[in-house]
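Student: Spelled out from the first residue to the last, the chains are:
Number of protein chains: 2
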Amino acid sequence: MAEDLWYWKYKLTARQPVNAKSQRREFVGALVRIDEGFGCLHPWPELGDPSLEKCLEDLAGPRRWSLVRRTVRSAKEDADARFIGDPLLEEIDVPKSHATLPWQDDRILESAVSKGFDRIKMKVGRDRAAEQRYLIEAAAKFPNLRWRLDANETFEPAEAESFLLGLPEEFRWKIDFVEDPCPYAESTWSALKSRCGVPLAVDREAAPVSSAAQVMVVKPASDEPWLLAEAAVSMGQQVIVTSSMEHPLGQCAAAWEAAKLNVQFPGLVGVCGLQTHHLFTPCPFSERLGRWSPEFQSPGGTGLGFDDLLERLPWKKLS
Amino acid sequence: MAEDLWYWKYKLTARQPVNAKSQRREFVGALVRIDEGFGCLHPWPELGDPSLEKCLEDLAGPRRWSLVRRTVRSAKEDADARFIGDPLLEEIDVPKSHATLPWQDDRILESAVSKGFDRIKMKVGRDRAAEQRYLIEAAAKFPNLRWRLDANETFEPAEAESFLLGLPEEFRWKIDFVEDPCPYAESTWSALKSRCGVPLAVDREAAPVSSAAQVMVVKPASDEPWLLAEAAVSMGQQVIVTSSMEHPLGQCAAAWEAAKLNVQFPGLVGVCGLQTHHLFTPCPFSERLGRWSPEFQSPGGTGLGFDDLLERLPWKKLS
Chain X
45 MAEDLWYWKY KLTARQPVNA KSQRREFVGA LVRIDEGFGC LHPWPELGDP SLEKCLEDLA
105 GPRRWSLVRR TVRSAKEDAD ARFIGDPLLE EIDVPKSHAT LPWQDDRILE SAVSKGFDRI
165 KMKVGRDRAA EQRYLIEAAA KFPNLRWRLD ANETFEPAEA ESFLLGLPEE FRWKIDFVED
225 PCPYAESTWS ALKSRCGVPL AVDREAAPVS SAAQVMVVKP ASDEPWLLAE AAVSMGQQVI
285 VTSSMEHPLG QCAAAWEAAK LNVQFPGLVG VCGLQTHHLF TPCPFSERLG RWSPEFQSPG
345 GTGLGFDDLL ERLPWKKLS
Chain V
45 MAEDLWYWKY KLTARQPVNA KSQRREFVGA LVRIDEGFGC LHPWPELGDP SLEKCLEDLA
105 GPRRWSLVRR TVRSAKEDAD ARFIGDPLLE EIDVPKSHAT LPWQDDRILE SAVSKGFDRI
165 KMKVGRDRAA EQRYLIEAAA KFPNLRWRLD ANETFEPAEA ESFLLGLPEE FRWKIDFVED
225 PCPYAESTWS ALKSRCGVPL AVDREAAPVS SAAQVMVVKP ASDEPWLLAE AAVSMGQQVI
285 VTSSMEHPLG QCAAAWEAAK LNVQFPGLVG VCGLQTHHLF TPCPFSERLG RWSPEFQSPG
345 GTGLGFDDLL ERLPWKKLS
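Chains X and V, in that order, are what the protein sequence lines are.
Position 278 of the first sequence, counted from 1, bears residue number 322 in this note's numbering, the numbering being contiguous throughout.
Position 114 of the second sequence, counted from 1, bears residue number 158 in this note's numbering, the numbering being contiguous throughout.
Hint data in this document are derived by calculation from the structure and do not stem from the laboratory.
C-beta atoms are modelled at their ideal positions from N, C-alpha and C, and glycine is treated no differently.
Warning: the hint list may mix true and false statements.
[To be verified] SDA-like, lysine to any residue: derived pairs with alpha carbons at most 20 Å apart:
id, chain 1, residue 1, chain 2, residue 2
1, V, Lys304, X, Lys120
2, X, Lys53, X, Asp130
3, X, Lys120, X, Pro106
4, X, Lys185, V, Ser363
5, X, Lys55, X, Asp93
6, X, Lys218, V, Ser278
7, V, Lys120, V, Ser234
8, V, Lys218, X, Asp93
9, X, Lys218, V, Gly280
[What the hints assert, rightly or not] Among chain X residues calculated to face chain V with C-beta under 8 Å, some are:
id, residue
10, Val72
11, Asp124
12, Trp147
13, Ser155
14, Ser158
15, Leu189
16, Gly210
17, Pro243
18, Gln258
19, Gly280
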């Protein structure tokens with residue numbers, strides 16, 4: 045039976061650049077409708093994904109890309125839940141989230157603390173001396189915070205070491221993990237973690253074979269969560285589930301996967317990264333996810349939610 | 045105007061020994077009623093406190109002991125809140141709590157994980173090799189947990205070092221802090237934390253001058269929280285507020301102090317230790333604090349709560 049395939053392109057506008065590898069502020073992705081189910085397709089070409097056009101072509105055709113296959117999988121699960129009227133994100137514990145600091149700003153950090161966040165994720169690698177100063181001051185001001193530093197592989201191994209050793213030992217104890225400090229290699233990562241005394245987190249492709257990492261970042265937008273979680277268990281790694289800075293529907297899909305893993309593997313999933321909507325200018329969808337908070341708020345509706353908003357979108361037929 | 049002073053002795057029965065320094069299972073303390081306010085007085089003689097009898101004498105007399113003065117202070121705040129009908133523990137964010145593992149037991153640890161605890165506090169120093177084995181296995185099974193090891197000063201400095209270095213580096217990164225590894229001394233603590241790469245937490249007397257610690261444990265039962273918190277701020281330390289393994293009314297007094305500090309010093313207070321009632325056999329008071337959970341549950345009522353239960357106690361006049 046042929047599928048009924050539709051798409052709607054959306055644009056997210058970041059309040060500030062969101063990535064060490066890109067100064068872009070506007071990001072385009074698509075919501076897709078596959079029969080009665082909805083999914084989000086949000087490629088990040090600067091991080092190695094194919095373009096949105098290529099993804100949509102692939103969706104209509106062979107479905108070779110894991111990003112596309114994951115969207116299809118998510119839309120099918122959404123369709124099943126909508127059919128039986130089940131709101132996926134209600135009556136299930138979605139793990140809490142860290143606060144993503146879009147840039148070094150005292151006011152935003154204070155706001156995060158007042159909203160109850162105790163883990164802060166910050167991108168590093170753009171202005172290293174300023175970042176070090178900021179981290180030291182922020183940790184002195186708010187001693188209860190733990191830090192997640194995401195370098196998006198912008199460091200060389202020696203640079204990562206000098207950046208981390210440039211932070212006082214007592215700050216390094218507050219580092220939850222350093223994500224992708226440099227391209228993954230067993231030997232460089234093992235040396236880096238021991239010399240600096242900080243856990244490392246691996247994101248993207250290398251994940252299933254990354255035994256030198258202590259934390260595995262699972263992005264349901266492109267990863268199969270169950271398989272990665274099983275690999276993490278076998279390597280004694282903690283799992284962090286993050287959304288992919290995509291549309292709120294995609295955030296809900298990530299939150300659902302995080303909640304499932306949390307049930308399936310008790311004690312495996314740490315504080316996640318599911319609250320990224322505040323990085324972008326608000327839209328009717330993001331307003332349903334509520335105010336910035338460590339707790340994920342269900343958008344209401346059936347399946348992944350947003351029933352009424354999704355019905356009203358000007359869907360285009362994908363052929 | 046003379047105060048109206050009453051007391052009622054209670055007995056708590058531990059499910060297992062609760063302290064590395066004591067094999068005792070039954071613990072006696074007193075609730076006190078000062079005019080219209082209630083407080084808890086729970087000395088731990090094995091940790092250096094005067095006996096309950098001496099405390100009650102002191103309460104009726106000079107009020108020299110800080111334990112006694114804190115009880116009086118708490119009862120006065122309770123009286124004020126009851127007078128205006130204010131339930132102190134409602135509509136205020138009480139910090140979350142760690143799970144106190146009374147002894148090494150897989151079933152209890154699994155239960156803690158399933159209830160959402162992500163920090164585990166365990167007493168160490170009784171059977172060191174068994175404790176090390178247990179910690180390593182538990183961390184492999186539940187990689188998202190962070191650990192708080194409380195030694196109650198049972199180690200010599202060299203023993204503490206060998207105990208900690210006997211744990212793999214990757215486990216040590218999961219140590220939130222080691223509490224009172226050995227008697228506090230600036231030089232031994234500084235050496236210990238650097239050699240082992242773990243934060244140290246200081247409890248009891250030494251707190252205001254303990255700059256070699258990274259975490260300050262504030263026990264409102266005997267400490268003045270505001271003064272210690274100010275000292276912690278000046279030393280860049282995180283503050284953890286803990287109850288004193290006392291009567292549920294005392295737990296509520298500690299929870300109230302934790303909530304106040306959290307408002308007064310944003311970002312200072314970490315996950316606390318306020319959920320100790322499950323260590324003891326249940327009583328009508330502890331049942332009001334609900335099931336074991338990281339979230340503190342208000343017992344209901346005005347002031348520190350328990351209005352109806354407190355009214356029905358067979359108070360004795362203290363003279």
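Student: Evaluate each hint against the coordinates.
Tutor: Hint check results:
1. V:Lys304 / X:Lys120: Roughly 48 Å between the alpha carbons, so the hint for Lys304 (chain V) and Lys120 (chain X) is violated.
2. X:Lys53 / X:Asp130: Answer violated: Lys53 (chain X) to Asp130 (chain X) is near 26 Å, above 20 Å.
3. X:Lys120 / X:Pro106: holds (17 Å)
4. X:Lys185 / V:Ser363: With a Cα-Cα distance of about 48 Å, the restraint between Lys185 (chain X) and Ser363 (chain V) is violated, given a limit of 20 Å.
5. X:Lys55 / X:Asp93: Measuring from Cα to Cα gives roughly 17 Å; hence the hint holds.
6. X:Lys218 / V:Ser278: holds (18 Å)
7. V:Lys120 / V:Ser234: violated (40 Å)
8. V:Lys218 / X:Asp93: Between Lys218 (chain V) and Asp93 (chain X) the Cα gap is close to 34 Å, so the pair fails against 20 Å, i.e. violated.
9. X:Lys218 / V:Gly280: Answer holds: Lys218 (chain X) to Gly280 (chain V) is near 12 Å, not above 20 Å.
10. Val72: violated (35 Å)
11. Asp124: violated (27 Å)
12. Trp147: Where the cut-off is 8 Å and the nearest Cβ of chain V is about 19 Å from Trp147 (chain X), the hint is violated.
13. Ser155: violated (10 Å)
14. Ser158: holds (6 Å)
15. Leu189: holds (6 Å)
16. Gly210: Since chain V brings no Cβ nearer than about 17 Å to Gly210 (chain X), farther than 8 Å, the hint is violated.
17. Pro243: This interface hint holds because 5 Å falls under the 8 Å limit.
18. Gln258: holds (6 Å)
19. Gly280: holds (5 Å)
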